[in-house]
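Q: Below, each chain spelled out in residue letters.
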Amino acid sequence: MSTVFTFRIDGKDVAGTEGQTVMEVAEENGIDIPGLCHLEGIHDRGACRLCMVEIGGSPKLVAACMTRITEGMEVVAHSERLLEYRQAITEMLFVERNHVCAVCVANNHCELQQMAADLGVTHFDLPRINPKVDIDASHRLFAIDHNRCILCLRCVRVCDEIEGAHTWDVMHRGLETRVQTDMGIPWGESSTCTSCGKCVQVCPTGALFEKGRAVASGSKHERPFLPWLKTVQEERGL
Amino acid sequence: MSREIVIDPVTRIEGHSKITIQLDDRGEVVDAHFHVTQFRGFERITQGRPVHEMPAIMARICGICPVSHLIASAKAVDDILAVEPPPTGKDLRRVINLGQIVQSNALSFFHLSAPDLLFGFDADPAKRNVIAMARENPALAKDGIALRKWGQQIIEWIGGKRIHPTGIVPGGMAEPLTAEVRDRILGGVPDAIAAVERAIAWYKTDMMRWEEEAATFGNFRTAFMGLVDRHGNVDHYDGWLRVIDADGKFLADKVDPHNFNDYIGEAVEPWSYLKSTYWKAMGYPDGIYRVGPLARVNIADRMGTPRADEELEKFRWRVGRVAGSSFHYHYARLIDTLHSIEKIEEILRGPDILSKHVRSRAEVNRLEGIGVSEAPRGTLMHHYKVDENGIVQWANLVIATGHNNMAMNRAVLQVARHHIKGDRLEEPMLNRVEAVIRCYDPCLSCSTHALGEMALRIQLLGPDGTVLSDLAR
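Line order of the protein sequences matches chains A and B.
If you're matching positions, the first sequence starts at 1 in my numbering and goes up one per residue.
If you're matching positions, the second sequence starts at 1 in my numbering and goes up one per residue.
One or more hints might be untrue.
Where chain B lies over chain A, by a calculated footprint (3+ residues, C-beta under 8 Å) [as the list claims (entries may be wrong)]:
#1 69 to 75
#2 137 to 143
#3 205 to 216
Treat the hints as calculated values from the structure; they're not laboratory data.
Cβ atoms here follow ideal geometry from the backbone N, Cα and C, with glycine treated the same way.
Produce the complete structure using the sequences and hints provided.
A: Quick look at the structure:
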């Protein structure tokens, strides 16, 4: 039998079993810790850093999705300092690539946009990088617009862990980092992609989308848990 | 000594521009230019975008007429997908496009031009505006506001938003119409018709005052172009291009809009960001033609709806079969508006208007597509090329205001010649030069693919560029 730990998040007494993360226990207790890379059902990666929390006694911030719970820990999930960090992180996600909500397929259905709204990010102080970034529309059903990718790597994980195809992976480093299909070949030429559409469904922004979707029509399924991953193929009767 | 008069910027139009008038040694006007001084660059920034985004991006060209660009763009993408929207999808596009025509025509006539007509061109500029108009003739101002509101509501209810609606998509419409929305729109029809008919009645009794004005107000012989349906009626959404000369003779008829490049050329002048289109057969700059409400009433056999046809007959009785004076744009705009309202009602009373089948779907089937429709200011053309993955490689937009560019320049020249006596800068001249531009209701934001508050400035320049006289307000 696994050990039960009791601890506190933002002063609230909570309990979880050994091995759970702070994020999971917070979710179970209705405490909202922001995050864009975390998705229930696939392994956490700690990519977006929005879930950074303070653990009592340590000056260092840790990612709630990557931190296992311990007995008696004091977690601060919401504070002025954390809000400022989260706003800055969100802003950096925006300025790193080219996000134009008004003409994005995911407008009003976008987790990044919602995050900015929730955190009160009303403008950018940082200069935009405006990189020249490609679109790969070679796949028959889907396309990826790297302009809108925040490198949460949900697509990489869902493709590997749920579909078992491992079509998606990551290439290059730093600002040049890109998700890629089959060792960097065009998506349409990928021999491993099963065209299941899971990557599209989990993408928090409009980076991955179904071709033919008009602007602001890229609504995705509700995601209470993974069974929503009814594939696009099934939906379309392919 | 030759001199140059500069009106910078021009007010109560959509966009940034200035006018220069060149005087010779004797103070006679030798030339005039309408300069469009803003640049947008949509043809470049859309390169590399997925073609399905095009309607939404192109809608951003303009906050006044986003629907016009949405329609032309969606039609161009339909062409690339090689699909026809389902009949109801097309009908809904027609209705929202007509809603756009109503609201934009109302803006142009009531808000921008009526103050000149109500108070006269020589009235104090501080008085010639829509606010003063609301004091002087509240019923007229209210009608204008109500018409614009109704048109905007149609756009909102069918398209989802008043400005930059998302409901118009490649292949048709995003959502079918509900009975509730249909009935709400229909409920507003009688008031809308009454409002525009009151405006027409007012205009007709008042316009006698302007007969001398109209004779020199951009009154010249040009060709006219617009879309007509298979019966020769005005068609704002589809149909064929028809071009007539100043006598009403067909220069071309039943031209498939997809072939517009065979007939229309685009010239670039160093003094303006706005391209000048010309009728290829007549060459540049002789191939001058006009588009917009005046062109629509001139080229069509009939409007195609009873009340508008009745007014059209009266219009032709008053000003002739082919109206040449730019002044008559106002009158034509009102008839165009009346027709649009009637047409909206006709379409919405159709038996299949509530059909759920409003969108066709397809992959990219052609690498090139053209979409042509009638925007409030005239014929609008979007032309795209894509790669096999549907990524835009090239785009060209031929905008109503571009078609009218040469005519506007000529109109400015005519008005300046008539009203400039000697080298004195006089307010009435300035007002008329601006007002003649306003007849065309130019949208410079659209046609150069910016926004802002403008003051009016006119400068008299010596040949060496020194400012001899400066008038500002």
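Q: Evaluate each hint against the coordinates.
A: Hint check results:
Under a criterion of three residues with beta carbons nearer than 8 Å to beta carbons of chain B, the stated coverage of the stretch 69 to 75 of chain A fails, only 0 such residues being counted. With 4 residues having a Cβ less than 8 Å from any Cβ of chain B, the stretch 137 to 143 of chain A passes the three-residue criterion, so the hint holds. Here the stretch 205 to 216 of chain A counts 6 residues with a CB under 8 Å from a CB of chain B, which clears the bar of 3, and the coverage holds.
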